[in-house]
Amino acid sequence: MDHTIIRTENLVKTYRRYKKKEGLRGSVSSLWKRDYEEKTAVNQVNLSVEKGEFIGLIGPNGAGKTTLIKMLTGIIAPTEGKIDVLGYYPNALKNAFKKQFAVVMGQKSQLFFELTVNDTLRLFKEIYEISEEDFQKNKNYFVELFGVRELMDVQVRTLSLGERMKMELIVALLHNPKILFLDEPTIGLDAVASKQIRNFLKEINREKGTTILLTSHYMEDIKALCKRTVVMTHGAKIYDGRTEELFEKYQKNKKITVSFDEPVKCIALKTFDAALMENSPYKKVYEVSRQSAKDLLTELMEFGTKDIAIEEEEIGVIVERIYQEGSDCHE
Amino acid sequence: MSKYLEISKIYMKTQLVWRADVIFNMIFTITKILFAYLLWGMVFQNTERIGQFTFHGMLSYYIMHSFLSQLEMSEGISGEIHDRIRNGTFSKYMVIPVGIEKYFIAMELGIVLFYIVFDFIAAVIWFFVFQIPIPFAAEGFMIICGAVMTVLGMLFMVQLNYFLGLLTLKYQGIGTFLMIKNNLAALVMGSIIPLSLFPEVIVKMMQLLPFYYVTYLPAMLLIGMCKEEAITGLIVITCWCLIMQLIISMVWKKYIRKYDGVGI
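Residue numbers (the working numbering), protein chains in the order written: chain A, 1 to 331; chain B, 1 to 264.
No lab work stands behind these hints, which were simulated from the structure alone.
It is possible that some hints are incorrect.
Short, incomplete list of chain A residues facing chain B, as computed with Cβ under 8 Å [to be verified]:
{"#": "1", "residue": "Lys108"}
{"#": "2", "residue": "Leu115"}
{"#": "3", "residue": "Asn138"}
No residue lacks a Cβ here, since even glycine has one placed at the ideal position from N, Cα and C.
Construct all of the structure, not just a fragment, from the sequences and the given hints.
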């Protein structure tokens, strides 16, 4: 039985954009003569997603992730190629299609800021034609899961960013969508709120079987949630496979930041592949291979460290590495 | 249908959030009435009639017209659509299972209902306080025609502003279109003086435009005047609504593909 709910073939999106010469002269001359250029935001993307999957979509800024999400949700029409989501051509914008998915964009809200979340939920109950029984059941489930019962009757504008994102998710999930598209849901959130959101998403994917497509710049999001990751750059898909494998193969280094109580001038390290990136008497930043990270930490502990922070490599570095190693699309 | 009712309700609730706005809106209803009373009181000091209007007739027209004009707030729709297309948040409406135009009609209805209720309460209080005698239409036929025409006129204005907002998909700025619409509407809606005081040939020309039927003719019908224009007026404004709907569908189909949602 075919469980594919999203399928794209050679999907292309090209934007036409206006180019203006610098300065006032350029602005005046643009009044009668305009130059345009074509920008391919998504280039020949083939994607197949099965029911219940939790997929991470990563890539640097301008990689085409958001454009892909916009095409999958019908917000924009593709320039070329085939697209099928839940058996529909998304840009036809059929209500029957829109009832089956939800989209949460980190910086675009569905909430009414002057009103309470309960008011917005009541509106969405009607919009999605949810029965009173299902409405109460779903609302209670999510309110308990997110622990926001005391916030349901306060004005949305008074909520913190983290609380608001929880509310956005409740509104989006109220109608039990088959697919949830998430575009940067943890953007701007602190570590605690991000972790909470990640836990909720994991729970929803497991309990409700909701297929989730997540774009994020944060490696922690992808690592913690997605079994499968798609990497994009310059509009093309350059990796599509297991997240574990992606990080094992391409995330080679870790960044370790150490701060000291007493000034430390120079440290002669035994760990041979640690590179000193930043050096000051009270703080040192190293880049070290994942294999040697433990050794480096053990060594650094001997110098009376005050604090240690370990960070993963940024998406941009991984994308660059995939490129360098000539790893094309491996599906 | 219930989803659009809920949309109306939520926008009505939004209007009720700011208590000071509600109170001041009710208080300021009087300023227009007082202004009309003083202005036309002075004009009618030396004369019994101007055109077909007595002092109380003119006052009634002015108050009724002000009330209807106050309800015509659809300009916000073109602004909202324009801003949302420009900053990419128009997608908010595209991803939920509603007809976007119907959403805006319901939104407008919610806002208008709020003003109908509160302005009506305020107007009744002020009429009572100042003991202003207002001659309303005595015939049910004219009241019904006036009310139906008001609804159709408001619908047309929502459609027009929705259409102008959608033009952002094609043109980056719609300021010029809005300016033309506003100037034309201000003149033809009879906001400044009753159109019946214009030369007949000008009025005939204005009768071809939809704006004539948005506030001017409904106001006249509701104060018991222009009975002979009631049926033709209803036909003309209905035709304009149908034409505008056709234009909206064509513009939507043609230009929605141009929407890029801002950002890659």
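Evaluation of the provided hints:
Satisfaction of the interface hint for A:Lys108 is found here, the shortest Cβ-Cβ separation to chain B being roughly 5 Å, below the 8 Å cut-off. With 8 Å as the threshold, the beta carbon of A:Leu115 comes within range of chain B, its nearest partner Cβ sitting at about 6 Å, so the hint holds. Checking A:Asn138 against chain B by beta carbon gives a least distance of about 16 Å; that is not within 8 Å, so the hint is violated.
Comparing the model with each earlier hint shows a violation of hint 3 alone; every other hint is respected.
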